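Chemist: Now for the letters of each chain:
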Amino acid sequence: MGILEVKGVGKRFGGLAALSEVNLSVEENTVHAIIGPNGAGKSTLLNCLVGKLIPDTGSVMFDGQSVLGRKPHEINQMGISRVFQTPEIFGDLTVLENIMIPCFAKRDGSFRMHAFEQFAHEKELIEKSMAILEDVNMADKADMHSASMSRGDKRRLEMAMCLVQEPRLLLLDEPTAGMARADTNNTIDLLKEINEKRDITMAIIEHDMHVVFSLAERITVLAQGTPLVEDTPDNIKGNPKVQEAYLGESQH
Amino acid sequence: MLGLNKNDRTLLVIVAVLALLAPFILNPFPTDSSLAQFNAGYPDLMQKFVIFGIFAIGFNILFGLTGYLSFGHAAFLGIGSYSAVWIYKLFTYNVIPAMMLSVVMAAIFALLIGYISLRRSGIYFSILTLAFAQMSFALAYSVLSNPKFNLTNGETGLQVYANDIQMFHRDGLPDFPHIFGLSMGSTSKLPLGAWEFQFNVGYYFCAILMILAFYFSIRLFRSPFGMMLRAVKSNQQRMNYTGLNSRPYTLAAFVISGMFAGLAGGLLAATDPLAGAERMQWTASGEVVLMTILGGAGTLIGPVLGAGFIKYFENIFSKINDQVLHQWVSFMPDGLEDFVVALIHPFIGKGWHLTLGILFMLVVIFLPGGLVEGGQRIGRLFGRKKRAEDTADAAAKTPAE
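Just so you know, the protein sequences line up as chains A and B, in that order.
Counting along the first sequence from 1, when you hit position 204 you're at 204 in my numbering, and nothing is skipped either side.
In my numbering, each number is its position in the second sequence, counted from 1, plus 1000.
Source of the hints: derived by calculation from the structure; they are not laboratory data.
Honestly, I wouldn't trust all of these hints.
Stated by the list, open to error - No farther apart than 27 Å at their CA atoms in a straight line, the calculated lysine-lysine pairs in the DSS-like style are these: (1) A:Lys123 to B:Lys1233; (2) A:Lys7 to A:Lys52; (3) B:Lys1006 to A:Lys128; (4) B:Lys1006 to A:Lys123.
What the hints assert, rightly or not - So, partial list: chain B residues that the calculated Cβ filter (under 7 Å) puts toward chain A: (5) Leu1021; (6) Asn1235; (7) Leu1251; (8) Gly1374.
Just so we're clear, the structure is a prediction, and the values are computed from it rather than from any experiment.
We put the beta carbon where it would ideally sit given N, CA and C, even for glycine.
Whole structure, please, built from the sequences with the hints as guidance.
Modeler: Here is the structure:
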């Protein structure tokens, strides 16, 4: 049984069935990619996993517990972190502070009134944050105002923010969208390293086939809101049904 | 020391020294000189400076850190005042229990109002708080003031009457708010040459509380909690997906700032034992917004500066009348003198709001960071050489893209 089990999930927006009968199983310590043409329901599915949307039917179990009806912060506390399509960071804060916030969330839970404690006393958390920044090659930028960084740096910062929480499942929504090829390759290396070194399970939504085939061990292909096929990358490449759904338009 | 770094400690010391020496600093002109009307070193006005300073410091914890713009903070000011006067009426003129009840009552109301208002953000939050404040005003002005149940004494305002119970009041104690027998109204005067300096118990009581409030606000700004509040302002979505519940953080900030407002309201009643409904009106809520933005929202010292600035204008600028103006420009030929006076007339005396409005616009347009940013710019102008070095350093640190 996988760490994430999605069973029979359906979601309608008015007359439009965005998802129907979606089944998905993400095995622990694997990289699982979810691909599909535009409008296939990839983002809707992701939003159902993190508590932004509640599916109309079906169940989503994480590590044996249902995530349905839980708020995003509760789901994060269960061990699911999320990287957004456009990097979501705390732009008004410094890079180090950006990393410290998830550290506090991990240690103190979703709320703590530490109004009279001192930042400088949190040596352990500062060390932990600096170590993560070393890992993503951003230690020299620790005191930088994070809004002023390049997009690639923001993406790395966001990943570092997720990593420092030591999540059990990392959800990535098109992590290389809008990146130059060199940056994309760096991101792929970073993600590979994360998966190998830290044993973090990843579910990744991606357009870029280069990224998908470099990283994924399992691939689910979504088309029109339902999973078409779930298999290994090699089998997906040769699957005629996938080619029809996914590449069909371009072959005309 | 005190859990502050060097810069913050310096700032605290400066504020403390300014507050404690205010009777001298705000009284630069000799008593008989024509400029004496610009002196602000009299108890009534100095008290207002520090009381509204506390109000603005508290408001800044909510608005400056979380970005939630409350348009109803005057409600807590009024609640603080009414609570204090009720302590005077029922128990004692001692201000300590009165201030405690002011803060507690404000906290309770802030918890209720905040819990509901914080379900929305942005303009809807502002409108909800405004609605609550106006309801509080209506309650205080008329609903809670009828012969059967008179909590607020309506239009007249709540005050202490000779037949009130005052359970712990004894003969030796002053018939005015006091701190263990020392009346808030007692002032000792120090004539020094052409000057006369006034030291008022009420002022020093408020000033010490303001310094404490300022210290608390520095600690809060620099704490992990303060960082969380800035995170709320910066990106609430990221915060929620990072496992943090932003609601209790904003509610805590709302309640803390409501307690500051309650304390300020209590202090208004400590220096003048009267509570009126007009204290809760939306203009009063708007005033604290102006103070905070004018001084510099999100900065430590800004709100205090803004409060001082606006209260100074309100009290000093409004006193300049045509007569005074004629005196100043009497060196001009008659026709020109009248013309200049007529030109300036709308901006002085009762027209001081006009001047304040123009100044506010200028600050918002040219100094979005408020007076603090203005100060920083002036500071940079003088320290240009140092700045050039700094930028060189920064450039060296940032690798070329």
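Chemist: Now tell me if each hint is right for this structure.
Modeler: Hints, one by one, checked against the model:
1. For the hint pairing lysine 123 of chain A with lysine 1233 of chain B, the CA-to-CA distance comes to about 25 Å; that is within 27 Å, so the pair holds.
2. For the suggested pair lysine 7 of chain A and lysine 52 of chain A, the alpha carbons sit about 18 Å apart, so the restraint of at most 27 Å is met.
3. A hinted pair counts as satisfied when its Cα atoms are at most 27 Å apart, and lysine 1006 of chain B with lysine 128 of chain A qualifies at roughly 26 Å.
4. Among the hinted pairs, lysine 1006 of chain B with lysine 123 of chain A is consistent with the structure: their alpha-carbon atoms are about 19 Å apart, no more than 27 Å.
5. Among the interface hints, the one on leucine 1021 of chain B is violated; its C-beta lies about 29 Å from the nearest C-beta in chain A, farther than the 7 Å criterion.
6. Residue-level restraint check for asparagine 1235 of chain B holds (minimum Cβ-Cβ distance to chain A is 5 Å; threshold 7 Å).
7. Look at leucine 1251 of chain B: its Cβ only gets to about 10 Å from chain A, farther than 7 Å, so that hint breaks.
8. Interface hint at glycine 1374 of chain B: violated, since its Cβ lies 21 Å from the closest Cβ of chain A, which is beyond the 7 Å cut-off.
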